[in-house]
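Chains as they are written, first to last, in this note's numbering: chain A, 1 to 330; chain B, 1 to 327; chain C, 1 to 495.
By construction, these hints were calculated from the structure, which means they are not laboratory data. All C-beta atoms in this analysis are idealised placements derived from N, C-alpha and C, irrespective of residue type, glycine included. Just so you know, not all the hints are guaranteed correct.
[Unchecked claim] For lysine to aspartate or glutamate, the following EDC-like pairs were computed, each having C-alpha atoms within a straight-line distance of at most 20 Å:
| hint | chain 1 | residue 1 | chain 2 | residue 2 |
| --- | --- | --- | --- | --- |
| 1 | C | Lys350 | B | Asp280 |
| 2 | A | Lys85 | B | Glu48 |
| 3 | A | Lys281 | A | Asp8 |
[Claimed, not checked] Here are some, though not all, of the chain B residues that point toward chain C, as calculated from beta-carbon distances under 8 Å:
| hint | residue |
| --- | --- |
| 4 | Phe26 |
| 5 | Leu151 |
| 6 | Leu153 |
| 7 | Ile161 |
| 8 | Leu164 |
| 9 | Leu240 |
| 10 | Leu244 |
| 11 | Val248 |
| 12 | Leu250 |
| 13 | Ile303 |
Okay, here's what each chain looks like letter by letter:
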Amino acid sequence: MAILEVRDLKMYYKTLRGHVKAVDSVSFDIERGKALGIAGESGCGKTSMAVTVLRLLPSNGKIHGGSVKLDGIDIVKLDDEEFRKSVRWKKISMVFQGAMNALNPVHRVGDQIVEAILAHEDVPHQEAATRAEELLDMVGINPKRYKEYPHEFSGGMKQRVVIAMALACNPDVIIADEPTTALDVMVQSQVLKAMEDLRKRLDLSMMLITHDLSVIAQTCDNIAIMYAGKIVEYGNVIDVFDNPTHPYGMGLVKSFPNIKAERTRVRSLPGFPPNLLAPPKGCRFHPRCPLAGDICMEEEPELIEIGSNSHKVACHKVDMLERGVNIWEQ
Amino acid sequence: MGFSRYLLRRLGYAVIVLFVIMTFNFAIFRLMPGDATKMIIDPMFTPEAIAELKRQFGLDDPPLVQYFKYVGNLFKFDLGLSFSTRRPVVNELKERLPNTAVLFLASFTLTTIIGISVGVYTASKRGTFGDNFVTGAGLFAFAVPSFWIQLLLLMLFGYYIPILPIHGTMSAPPPDGFLLQFLDRIHHLILPAGSNVIVAFGSWALYTRNTMLEALGQDYIVTARAKGLPENTVLRHHALRSVLPPIVTLIFGALPGMVSGAVITETIFSWHGVGKYLMDAVMQQDYPAAQGAFYLIALAVVICNLAADIVYGIVDPRIRVGEGGAK
Amino acid sequence: MSKSNTQTGISAPTFWEQYRRKPLGMVGLSIVAVYVFVAIFAPFLTPYNPKQILLADRIAAPIWFRSVLPKYDDAPSTVRITLGPDEWAVSEATGGKLVAEELEGTAVSVIEFEPVLKDEDVSEGEAGLLEIEEYPEEPEKSVVELSHVVSYNCSPPKTFGLTFNYWVDASSDSKTELEFVIETPEGKQYNLWGKSCSGTLGSQPARIDSRDLTLKQRLGLTIFDDPAPRVFSSKGDYRLLLTARSIPGEEPTRVYISNAEFYIPGNVHGLLGADHMGADLWTQLIYGTRISLSIGLSAAGISVAVGTAVGIICGYLGGVVDEFMMRVVDVLMAIPTLPILIILGAILGKSVWNIVLLISAFAWMGTARLVRSQTLSLRERVFVESAKASGASDAYVMLIHILPNVLPLVFAGMVLRIPAAILTEASLSFLGLGDPRVATWGRMLHNARGFGAFTTLAWWWLVPPGLAITFLSLAFVFIGNTVNEILNPRYRERS
Chain A
1 MAILEVRDLK MYYKTLRGHV KAVDSVSFDI ERGKALGIAG ESGCGKTSMA VTVLRLLPSN
61 GKIHGGSVKL DGIDIVKLDD EEFRKSVRWK KISMVFQGAM NALNPVHRVG DQIVEAILAH
121 EDVPHQEAAT RAEELLDMVG INPKRYKEYP HEFSGGMKQR VVIAMALACN PDVIIADEPT
181 TALDVMVQSQ VLKAMEDLRK RLDLSMMLIT HDLSVIAQTC DNIAIMYAGK IVEYGNVIDV
241 FDNPTHPYGM GLVKSFPNIK AERTRVRSLP GFPPNLLAPP KGCRFHPRCP LAGDICMEEE
301 PELIEIGSNS HKVACHKVDM LERGVNIWEQ
Chain B
1 MGFSRYLLRR LGYAVIVLFV IMTFNFAIFR LMPGDATKMI IDPMFTPEAI AELKRQFGLD
61 DPPLVQYFKY VGNLFKFDLG LSFSTRRPVV NELKERLPNT AVLFLASFTL TTIIGISVGV
121 YTASKRGTFG DNFVTGAGLF AFAVPSFWIQ LLLLMLFGYY IPILPIHGTM SAPPPDGFLL
181 QFLDRIHHLI LPAGSNVIVA FGSWALYTRN TMLEALGQDY IVTARAKGLP ENTVLRHHAL
241 RSVLPPIVTL IFGALPGMVS GAVITETIFS WHGVGKYLMD AVMQQDYPAA QGAFYLIALA
301 VVICNLAADI VYGIVDPRIR VGEGGAK
Chain C
1 MSKSNTQTGI SAPTFWEQYR RKPLGMVGLS IVAVYVFVAI FAPFLTPYNP KQILLADRIA
61 APIWFRSVLP KYDDAPSTVR ITLGPDEWAV SEATGGKLVA EELEGTAVSV IEFEPVLKDE
121 DVSEGEAGLL EIEEYPEEPE KSVVELSHVV SYNCSPPKTF GLTFNYWVDA SSDSKTELEF
181 VIETPEGKQY NLWGKSCSGT LGSQPARIDS RDLTLKQRLG LTIFDDPAPR VFSSKGDYRL
241 LLTARSIPGE EPTRVYISNA EFYIPGNVHG LLGADHMGAD LWTQLIYGTR ISLSIGLSAA
301 GISVAVGTAV GIICGYLGGV VDEFMMRVVD VLMAIPTLPI LIILGAILGK SVWNIVLLIS
361 AFAWMGTARL VRSQTLSLRE RVFVESAKAS GASDAYVMLI HILPNVLPLV FAGMVLRIPA
421 AILTEASLSF LGLGDPRVAT WGRMLHNARG FGAFTTLAWW WLVPPGLAIT FLSLAFVFIG
481 NTVNEILNPR YRERS
């Protein structure tokens with residue numbers, strides 16, 4: 001059984017002009033010890049989904065349906081206090097986008113890690129402090145820097161502190177939201193490597209959210225491509241990268257220049273992501289899709305399996321796609 | 001490292017300000033057109049006394065020498081003789097300083113405690129009655145003339161429903177016994193301090209609330225919640241702590257204003273303090289007394305500002321530990 | 001140079017469009033409009049001018065209290081009756097009559113007595129001795145009694161009085177008496193004033209006031225008693241009797257009475273009552289708008305202008321100028337404002353203009369800092385660089401490029417400075433440091449405090465000036481916040 005099973009999750013933001021359907025009937029699984037990458041453009045709902053799983057919604061966000069089963073228990077149904085005590089951070093933790101600001105500037109970094117531990121476990125302060133030092137060591141920071149303040153660290157190190165903090169309670173799942181976006185390339189690779197090591201060592205499951213496909217390619221086992229609040233392609237990383245089937249997925253993968261391939265023109269997909277207040281009827285991608293037909297404008301496509309290894313695609317025109325052909329190329 | 005340098009700098013500023021005020025005091029009263037002597041020494045003294053005092057204050061000397069004598073006198077705490085009472089101004093001020101201090105401390109502590117608590121409390125309750133009340137109170141504190149409210153309160157509780165004394169720090173003659181005297185003084189303190197609090201707590205509450213709101217919108221608050229901390233802890237331990245520097249700055253930054261405001265309060269309630277002394281001196285053209293009182297008030301303000309700088313430095317670690325980078 | 005310099009460019013029509021939609025801003029604007037209207041049309045809004053005193057009794061309550069508070073049900077309002085020849089009725093005339101004459105445009109009442117010829121002369125005796133024959137009984141005095149009915153239907157007043165000028169033209173052997181009596185509805189007469197003379201008497205003023213000691217003694221009262229409530233104790237018709245008696249001589253005796261006025265200062269007066277001098281409070285309130293608006297606006301304007309100039313110059317030029325000026329700003333900000341205003345005000349004089357300058361002198365620093373930091377960031381912007389590259393002088397850049405971009409910030413700041421200036425002026429006047437001849441709201445409160453509003457519980461004196469200040473300040477705060485919202489979205493409140 002997968003450690004995290006998400007089925008038909010719906011989360012909408014209530015605004016003055018109606019409901020913004022940020023997460024619209026999303027389903028996926030994360031296996032124990034595996035990493036799922038969630039890819040997509042800005043505004044497709046990836047961060048919203050992460051925030052939904054952890055139930056950190058702002059006051060106008062509400063879950064309108066679906067289930068999130070952690071180890072078999074539906075955590076959507078738990079009440080707030082129960083969720084806070086037993087799930088949040090203890091079973092699922094998060095590494096936020098822009099970790100620079102995730103740390104409180106007036107508290108020492110060590111204390112912030114200890115705080116997370118003590119909120120969930122009844123251990124003496126000293127023990128928590130020791131664990132915090134170990135965690136710092138694990139992410140490659142000198143444990144003696146326990147007593148320092150966030151402003152004394154560089155960006156990449158702050159990011160690592162945040163990772164350490166996320167690991168504080170030995171969670172089962174870590175959600176990482178754009179963990180490396182704000183970092184330069186050298187630091188980025190360091191941080192990614194550190195995360196990879198940790199994951200393997202601690203047998204962690206991870207949901208990695210990013211728009212940068214190369215990061216997913218480097219670290220994840222599976223990938224889910226999101227578009228306009230829905231998952232449009234899903235499967236093993238190798239399968240999807242080798243043979244992206246959904247038109248959007250294909251466009252996304254193919255738009256990353258391959259340093260080894262021959263030089264071709266890099267094409268961007270024409271058009272803009274839809275307005276989530278009133279998404280297009282039928283397949284949400286149809287206004288931009290060269291293969292769009294009548295059925296695409298009427299019916300929402302379901303995720304159907306193609307090939308092996310549970311490679312799933314949500315597209316009516318799947319049969320029209322031949323392996324290896326890039327529909328976006330002239 | 002950063003802190004002691006910072007501290008030294010602030011101290012330096014304080015000294016410069018005092019220096020400027022000294023010079024200003026000097027210039028205003030001695031370099032004005034007209035006979036400076038009349039401003040320093042009571043013309044009613046005998047000519048011999050005048051001559052002697054002139055020598056003491058160096059009024060016959062060239063300005064620069066006068067200036068040094070003046071500064072010297074200040075360091076000896078010699079502020080001259082009051083025209084109205086012929087007593088040394090220093091002694092008069094010494095008598096009145098405790099009264100002003102008491103009124104000030106009472107008003108200040110109550111205002112900050114009430115104001116800040118209300119502000120923190122309403123920050124988490126947006127859109128409710130409490131919230132609107134705080135916004136209104138803040139506005140009220142800013143636009144309404146404080147002395148007017150004090151006058152109204154005085155009329156209401158001193159004359160209309162005469163339950164509170166209308167003037168003075170204590171009854172004359174004072175009641176017997178320490179306890180009764182103490183209660184009597186508190187009785188006299190209620191109206192002046194209370195009116196100060198009513199007028200001012202609004203702006204504290206509003207500022208605290210706004211700062212809290214801003215703090216609550218920060219990312220590390222989201223992180224704190226994500227870590228599974230109870231809401232209470234989030235508010236107290238994270239939001240409040242980061243809100244302390246601006247609030248502390250506010251508290252200490254408001255001190256000088258409150259010192260100024262004390263002048264008005266003391267005048268309205270005939271409170272036997274330094275502020276009223278200043279007003280009386282100015283009205284009676286008792287120049288040495290006015291100078292002395294002004295100097296004391298300015299000194300108090302400078303000290304308050306310095307205290308503000310120190311506390312701010314302690315509370316904000318960025319200043320304390322120094323701006324760093326990767327080590 | 002086109003307006004494209006302005007990076008935060010928002011044109012006037014757009015600004016107004018946005019402004020119109022903000023309710024608080026419109027409220028503020030309307031309030032200010034009302035005040036401005038009142039300031040301009042003050043003379044039309046009140047029949048009195050602020051310098052008029054003695055319109056009513058000390059600390060009279062507003063006239064509409066009569067309809068609202070039972071305590072003032074029948075409180076008297078000011079009674080002022082000019083008694084010219086037409087107003088007097090002649091209730092008794094023996095040997096004389098009342099004539100109306102006009103002297104220098106004023107109607108004068110003249111009581112004219114016929115000369116009475118003596119029937120017998122005093123005869124001389126022999127050899128120089130004057131034989132005194134039995135003096136005939138006192139010749140009849142001619143009497144003319146002038147009366148005027150005053151309907152008084154209020155509760156007893158605190159004072160009353162009669163003033164007039166009089167002179168007597170008569171032959172030297174005549175005797176004349178003049179007497180003033182008030183007769184109550186019950187018929188009781190109070191003889192309040194009398195004067196007698198022989199022959200001619202030059203023009204005299206008669207100032208009969210119920211507070212006079214002589215009057216009280218005349219009535220047999222002590223100095224602590226109040227004649228007015230005794231005399232006017234009941235409601236009904238009172239008669240004012242001015243009686244002239246004369247033993248005329250050979251010539252007709254003429255008693256001239258001019259500028260006669262009977263008054264009872266009212267306990268209620270006007271829309272807001274009267275102050276300790278009997279001056280109308282409503283008038284003071286109305287005229288106060290002029291001062292408060294002009295002082296507030298000019299002090300705010302000057303301080304903002306100075307602050308902006310200093311801020312731009314320091315921010316742009318940097319270096320020594322900047323360092324020095326910023327230290328000056330620091331030092332000035334560390335000086336307690338009110339005490340120094342008090343001292344400087346006392347020494348430099350109390351004129352209105354002084355107050356404005358003093359307030360401005362200690363209010364420009366905040367603006368300077370704000371403008372300076374804004375200038376610092378603007379300085380690095382490309383359009384400034386390009387202007388300098390094309391050879392513009394520093395002054396030109398500061399004036400044409402920096403200033404327009406700083407204005408939105410400054411504008412909002414200036415509006416918010418106005419309430420502070422108004423409050424400072426009010427505080428200073430309240431403490432007694434304003435010009436005593438100028439009626440500002442602060443001074444009204446000063447007078448209220450110093451001249452008995454508390455002991456008489458005259459809350460109607462205390463409340464209106466404070467309300468006036470409050471609403472004006474609030475209005476400007478609303479306007480300022482709205483302007484800030486529109487022009488400086490960074491400062492919008494986070495929701």
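The hints, checked one at a time:
About 17 Å separates the Cα atoms of Lys350 of chain C and Asp280 of chain B, which keeps this hinted pair within 20 Å; it holds. Restraint check: the Cα-Cα separation between Lys85 of chain A and Glu48 of chain B comes to about 87 Å, which exceeds 20 Å; the hinted pair is violated. The hinted pair formed by Lys281 of chain A and Asp8 of chain A meets the criterion: a straight-line CA distance of about 18 Å does not exceed 20 Å. Because the smallest distance between the Cβ of Phe26 of chain B and any Cβ of chain C comes to about 13 Å, over 8 Å, the interface hint for this residue is violated.
Checking Leu151 of chain B against chain C by beta carbon gives a least distance of about 6 Å; that is within 8 Å, so the hint holds. Residue-level restraint check for Leu153 of chain B is violated (minimum Cβ-Cβ distance to chain C is 11 Å; threshold 8 Å). Given the 8 Å rule on beta carbons, the hint for Ile161 of chain B is violated: about 11 Å separates it from the nearest Cβ of chain C. Nearest Cβ of chain C to the Cβ of Leu164 of chain B: about 13 Å, over the 8 Å cut. The hint is violated.
Below 8 Å, beta-carbon pairs count as interface contacts, and Leu240 of chain B has none with chain C, the closest being about 18 Å; its hint is therefore violated. For Leu244 of chain B, the suggested interface contact is broken, since its CB lies about 19 Å from the closest CB of chain C, more than 8 Å. Proximity of Val248 of chain B to chain C is violated relative to the hint, the smallest CB-CB distance being about 18 Å (cut-off 8 Å). Below 8 Å, beta-carbon pairs count as interface contacts, and Leu250 of chain B has none with chain C, the closest being about 15 Å; its hint is therefore violated.
For Ile303 of chain B, the interface hint is violated, since its Cβ never comes within 8 Å of a Cβ in chain C; the closest pair sits about 11 Å apart.
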